[in-house]
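Visitor: One letter stands for each residue in the lines below.
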Amino acid sequence: MKTYDVVIIGAGVIGTSIARELSRYRLNIALLEKEEEPAFGVSKSNSGIIHPGTQNPPDSLKGRLCVQGNILIRKISKELGVDFQEAGELIVGFSEEDTKELLRLKKDAEALGVPGLKIVDKAWLRENEPNLNSEAVSALYAPTAGIISPYRLVYGLAENAMRNGVEIYTETKVEGIIRAGDNFEISVSKGSFNARRVINAAGLFADDISGMLGIRDFKIRPRKGEEFILDKKKENLANHLIFPLPSKISKGVLIIKTADGNPMIGPTAEDTEDKSDLATSDKGLENVLKSARRLVPSINDKDIIAYFAGLRPAAGDDFIIRHEEKSPGFINVAGIQSPGLTASPAIALLARDILKDTGLALRKKLIFHPHCKKSIHIFSMALSKTKGLIAKDASYGDIVCRCEMISAGEVRDSIKRGARTMDGIKFRTRAQGGRCHGSFCTTRIMKILAEERKIPLTGITKRGKGSEIVKKDRVDD
Amino acid sequence: MIKKDLVIVGGGPGGMAASVSAYESGIKDILLLERDQYLGGILNQCVHTGFGLEHFKEVLTGPEYAERFIARLQDMPGIDVSLKSLAVKLTRDKTVTFLKPGVLQTVKAGAIIMATGCREKTREMVHIPGTRPSGVFSAGLAQKLINIEGLLPGKEVVVVGSGDIGLIMARRFTLEGAKVKAVIEIQDKPSGLLRNIAQCVEDFNIPMYFRHKISRIHGRDRVEKVSVVKVGDDLNEIPGSLFEIKCDTVLMSVGLIQENELIDASGIQIQGNNTDVPGIFVCGNALKIYDIVDWVTKDSFAAGKLAAEYIK
Numbered sequence: 001m002k003t004y005d006v007v008i009i010g011a012g013v014i015g016t017s018i019a020r021e022l023s024r025y026r027l028n029i030a031l032l033e034k035e036e037e038p039a040f041g042v043s044k045s046n047s048g049i050i051h052p053g054t055q056n057p058p059d060s061l062k063g064r065l066c067v068q069g070n071i072l073i074r075k076i077s078k079e080l081g082v083d084f085q086e087a088g089e090l091i092v093g094f095s096e097e098d099t100k101e102l103l104r105l106k107k108d109a110e111a112l113g114v115p116g117l118k119i120v121d122k123a124w125l126r127e128n129e130p131n132l133n134s135e136a137v138s139a140l141y142a143p144t145a146g147i148i149s150p151y152r153l154v155y156g157l158a159e160n161a162m163r164n165g166v167e168i169y170t171e172t173k174v175e176g177i178i179r180a181g182d183n184f185e186i187s188v189s190k191g192s193f194n195a196r197r198v199i200n201a202a203g204l205f206a207d208d209i210s211g212m213l214g215i216r217d218f219k220i221r222p223r224k225g226e227e228f229i230l231d232k233k234k235e236n237l238a239n240h241l242i243f244p245l246p247s248k249i250s251k252g253v254l255i256i257k258t259a260d261g262n263p264m265i266g267p268t269a270e271d272t273e274d275k276s277d278l279a280t281s282d283k284g285l286e287n288v289l290k291s292a293r294r295l296v297p298s299i300n301d302k303d304i305i306a307y308f309a310g311l312r313p314a315a316g317d318d319f320i321i322r323h324e325e326k327s328p329g330f331i332n333v334a335g336i337q338s339p340g341l342t343a344s345p346a347i348a349l350l351a352r353d354i355l356k357d358t359g360l361a362l363r364k365k366l367i368f369h370p371h372c373k374k375s376i377h378i379f380s381m382a383l384s385k386t387k388g389l390i391a392k393d394a395s396y397g398d399i400v401c402r403c404e405m406i407s408a409g410e411v412r413d414s415i416k417r418g419a420r421t422m423d424g425i426k427f428r429t430r431a432q433g434g435r436c437h438g439s440f441c442t443t444r445i446m447k448i449l450a451e452e453r454k455i456p457l458t459g460i461t462k463r464g465k466g467s468e469i470v471k472k473d474r475v476d477d
Numbered sequence: 001m002i003k004k005d006l007v008i009v010g011g012g013p014g015g016m017a018a019s020v021s022a023y024e025s026g027i028k029d030i031l032l033l034e035r036d037q038y039l040g041g042i043l044n045q046c047v048h049t050g051f052g053l054e055h056f057k058e059v060l061t062g063p064e065y066a067e068r069f070i071a072r073l074q075d076m077p078g079i080d081v082s083l084k085s086l087a088v089k090l091t092r093d094k095t096v097t098f099l100k101p102g103v104l105q106t107v108k109a110g111a112i113i114m115a116t117g118c119r120e121k122t123r124e125m126v127h128i129p130g131t132r133p134s135g136v137f138s139a140g141l142a143q144k145l146i147n148i149e150g151l152l153p154g155k156e157v158v159v160v161g162s163g164d165i166g167l168i169m170a171r172r173f174t175l176e177g178a179k180v181k182a183v184i185e186i187q188d189k190p191s192g193l194l195r196n197i198a199q200c201v202e203d204f205n206i207p208m209y210f211r212h213k214i215s216r217i218h219g220r221d222r223v224e225k226v227s228v229v230k231v232g233d234d235l236n237e238i239p240g241s242l243f244e245i246k247c248d249t250v251l252m253s254v255g256l257i258q259e260n261e262l263i264d265a266s267g268i269q270i271q272g273n274n275t276d277v278p279g280i281f282v283c284g285n286a287l288k289i290y291d292i293v294d295w296v297t298k299d300s301f302a303a304g305k306l307a308a309e310y311i312k
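Protein chains in written order, with this note's numbering: chain A, 1 to 477; chain B, 1 to 312.
Keep in mind that a hint or two might mislead.
[As the list claims (entries may be wrong)] Capping the alpha-carbon separation at 20 Å, the derived lysine to aspartate or glutamate pairs in EDC-like fashion look like this:
(1) A:Lys356 to A:Glu324
(2) A:Lys75 to A:Glu86
(3) A:Lys283 to B:Glu124
(4) A:Lys472 to B:Asp221
(5) A:Lys233 to B:Glu261
(6) B:Lys155 to B:Asp221
(7) A:Lys234 to B:Glu261
(8) A:Lys447 to B:Glu259
(9) A:Lys173 to A:Asp208
(10) A:Lys233 to B:Glu156
(11) B:Lys100 to A:Asp413
(12) A:Lys302 to B:Glu124
(13) A:Lys290 to B:Glu124
(14) B:Lys225 to A:Asp274
(15) B:Lys246 to A:Asp277
(16) B:Lys121 to A:Asp282
(17) A:Lys233 to B:Asp264
(18) A:Lys465 to B:Asp221
(19) B:Lys121 to A:Asp301
(20) A:Lys472 to B:Glu156
(21) B:Lys225 to A:Asp282
(22) B:Lys108 to B:Asp29
(23) B:Lys28 to B:Asp75
(24) A:Lys275 to A:Glu286
(25) A:Lys471 to B:Glu224
(26) B:Lys89 to A:Asp231
The hints are simulated quantities; they were obtained by calculation from the structure and are not laboratory data. Please read all numbers here as calculations on a predicted model, not as lab measurements.
With the rest of the complex left out, here is chain A:
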C-alpha cells in the first residue's frame, strides 16, 4: 500500500488551505473528507467575512493569525480567481460609554498590528452609512475588513491543490487511526491510508479524531449560529460590515455584506451538544431581527429569502494548533472558530512550520501552479461585457436560474470543476439560491447535472447520499 507523506483529515477551509500550501513541496498528500464535496461541514455556513483583526485579545494566537491572514488572503484570492472585496467594517457605539469601549478595542487591535483604524463620528456615519440607526454616536472603522465567498475560496483551494498533485478523497470518513511503527494507519469507510504525518483539520469532529490517538485534552463544543439572507435587491442596505460592540462569547448580530450581493443578518450564538444540530428557530429569527434592527432599523423581515444555521467548532477561547508529542507526527489544528476563515492562510503556514519541525523534509517543487481559472458569473458582469461572452458561447445566454441570473454555461462549468450535488452547484454559482428557492430551476439543473455526471435523475442529491431529490421514476413502477 502507498504511504503518504501527509494525510489531512477534513476538506473545509483549513484542510484545503493546508493541502494547497503543502502542495508546493515534494510530498505525497491525501486530503480526506467524509461528505460528498469539500466545504460541506463548518465552512459552508461561514459568513464570508475577512476580519481585520479587531475584537481579538492582543496576546491571542487567533488574533495574530487573523491579522496575518487578512494580508495573505488578498494574494491567494487573486491567484485562485475568487473575488475579494475590501468593504471595511464599523463597530458601532450608541453612547459615550460605548465610545470609550471602542477606544479600548482600537488600542487592543493596534497592539495586534491592525492598520488604518479610526474612530468616526456621527456626521461621518450619516454620510457614509445612511441606513444606520441615527442614534449611533460613533464607530470604530477598520478599512481592511473584507468579504469573500467562503465556498468559492474552498473550492478554489481544493481545485488548485489537486492541480498540484494533492489527492482528494470525498465520502471518506475516518473511522480509526492506529500507529504502525513511526507511521499511522488510518481506516476509513472504504479501505485505509498509510501516512507518515497526520494533520487533523476535522472541524466539529476534531476531538473525536484526536481521541483516536489517545489525545483527549480538548473538547469541541459546537456553538450554533443562525443566519438570515436578504433579497439581492437590498444589496445597498449597508456600505460596510456593521458590528455592534462585541460580547464575551460572540461578535454579536451583524449586518453582513456578502460576495454574492445579498445582505445577511446574524448570527446567533448558542452552545449546543449536538454536532448535527443545524435547525433554525423562531427565537433565533426574533433575536436576529431585533438586534439587526438596532443597527439598521429599516430591515424588513419580508426581504428574508433564506436562512440556515451553522456550528462553530469552538474548543475554549483560542485555536489549538500544535504537534502532539504524545503521538509524534500527529498535528492538531482544532477549535478553529471565528476568525478561522481569515486566519486560514496563516494557519496553513503555521501548520507547514510545525510539520517541518517534526523532521519531515520539505523540498520545494520546481514548478508550482498557483493559479485557478476565474469562473464566470454573469450576474456580476456588466451587461455590455456579457454580450461578447454569449456570442462566443451561447450557453452563457441560456439563463437557468432567473432570480440570480445564472446560465446553463455557468452550471456546466461548476460541474466540470467539481460540483457533484445540487448544493455544490448552488454554493459555486448561486443557482437555486435566490428568491424562488429553486421552484423554477430545480428540474433544469437536475437534468444538466445528470447529463454531465451520466447518472439518472433519481441519483441526483441535494448534498450527498440520503438526500436524493426524488424518490423514484413515476412511470417505471
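Got chain A; can you put chain B on it based on the hints?
Guide: Showing chain B alone in chain A's frame:
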C-alpha cells in the same frame, strides 16, 4: 437596438392573450418574449381539468387551454415569438433588454406589456424553522417533477397551506401511490377553491387540519417528520398541542406573489391597472393574483387593447 411596436414580456396565458388582443386591435409588429422553451407558462404542467369554463365555455386541461392560444398565435404572422428569451432589464423610456442563447438584445418599443406572472411563496417566506433537508418542495415544483419529468418527489407527504396547487397536488400524489398524510392550514378555512377541497382532499379522505401550523421540519439529509401545533384565533401556538407527523416530503402551498422584479428594478410604479409610465402596461397575475386562468385571459385581453390604442 431593434424596434418593435409592442413588446410583451411573458408567454404564459397573460402574455399570449395580450398578444392576440393587440394583434386583433391592429398592431402587427409584436415581439413576445418567453423565457422557457415553449409557450403556455405554468399551464403546461397543469394536466388536470377545470380550465376554460368561463372563457371557452368548456372544460379543458391546462395544456389544452394553452394550445388554443398557441394555435391562434401561429396564424398571426406579425407576432414574433422569441423562446428561451429572458428579459433582464426594463427602462422607463420603453426599452427591454433580453438574453437568449447566443444573443443579448435591446429592443425599443412603442409600448410594453409586462405579463411576467407570479411565483409561489417559499418555506423561507413563511419562516418555518427547523433543518433544511431535501424533500421540501413548492407545490408547483412537485407538479413539474411529476407531470413533466415523470418523477415522484416523495412517498409520504404533508401539504402546508390549502392553496389550489397544493390541493391538486395532494390528489396527484395520492393517485401516484404516495400517501398524503395531512393538509395543514393556519387559517380557519381553506384558501383554495371549494371544488378542489371536495375533489382533491375529501374524496380521498386526506385529513385536513385548520388553525394548525408546522412548527418545525426535522431530518438531516431528507425530511423525516414535521412538528405540528394548533394555533388560536390570534395565530399564536396553543401550548401542549404539539404532535408529529412522519413524512419524507413537505409541499408548500402558501400563496403566490407577483413576479415584478423587472418593474421594481426600473423604478416604474404600478398604479391601478396600469403603470406611471404611459405605454407600459401590466396584466394577468403580475398585476393581481387571480384564482382562475380565465380571468387572467380577460384581464390580458383588456391590456392588449389598451396598448394598441396607445400605439395608435
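Visitor: For every hint, state whether the structure bears it out.
Guide: Hints versus structure:
no. : hint                 : verdict
1   : A:Lys356 to A:Glu324 : holds, 14 Å
2   : A:Lys75 to A:Glu86   : holds, 13 Å
3   : A:Lys283 to B:Glu124 : holds, 15 Å
4   : A:Lys472 to B:Asp221 : holds, 17 Å
5   : A:Lys233 to B:Glu261 : holds, 9 Å
6   : B:Lys155 to B:Asp221 : holds, 16 Å
7   : A:Lys234 to B:Glu261 : holds, 12 Å
8   : A:Lys447 to B:Glu259 : violated, 25 Å
9   : A:Lys173 to A:Asp208 : holds, 12 Å
10  : A:Lys233 to B:Glu156 : violated, 37 Å
11  : B:Lys100 to A:Asp413 : holds, 18 Å
12  : A:Lys302 to B:Glu124 : holds, 10 Å
13  : A:Lys290 to B:Glu124 : holds, 18 Å
14  : B:Lys225 to A:Asp274 : holds, 18 Å
15  : B:Lys246 to A:Asp277 : holds, 19 Å
16  : B:Lys121 to A:Asp282 : holds, 18 Å
17  : A:Lys233 to B:Asp264 : holds, 9 Å
18  : A:Lys465 to B:Asp221 : holds, 8 Å
19  : B:Lys121 to A:Asp301 : holds, 14 Å
20  : A:Lys472 to B:Glu156 : holds, 13 Å
21  : B:Lys225 to A:Asp282 : holds, 18 Å
22  : B:Lys108 to B:Asp29  : holds, 12 Å
23  : B:Lys28 to B:Asp75   : holds, 12 Å
24  : A:Lys275 to A:Glu286 : violated, 23 Å
25  : A:Lys471 to B:Glu224 : holds, 14 Å
26  : B:Lys89 to A:Asp231  : holds, 18 Å
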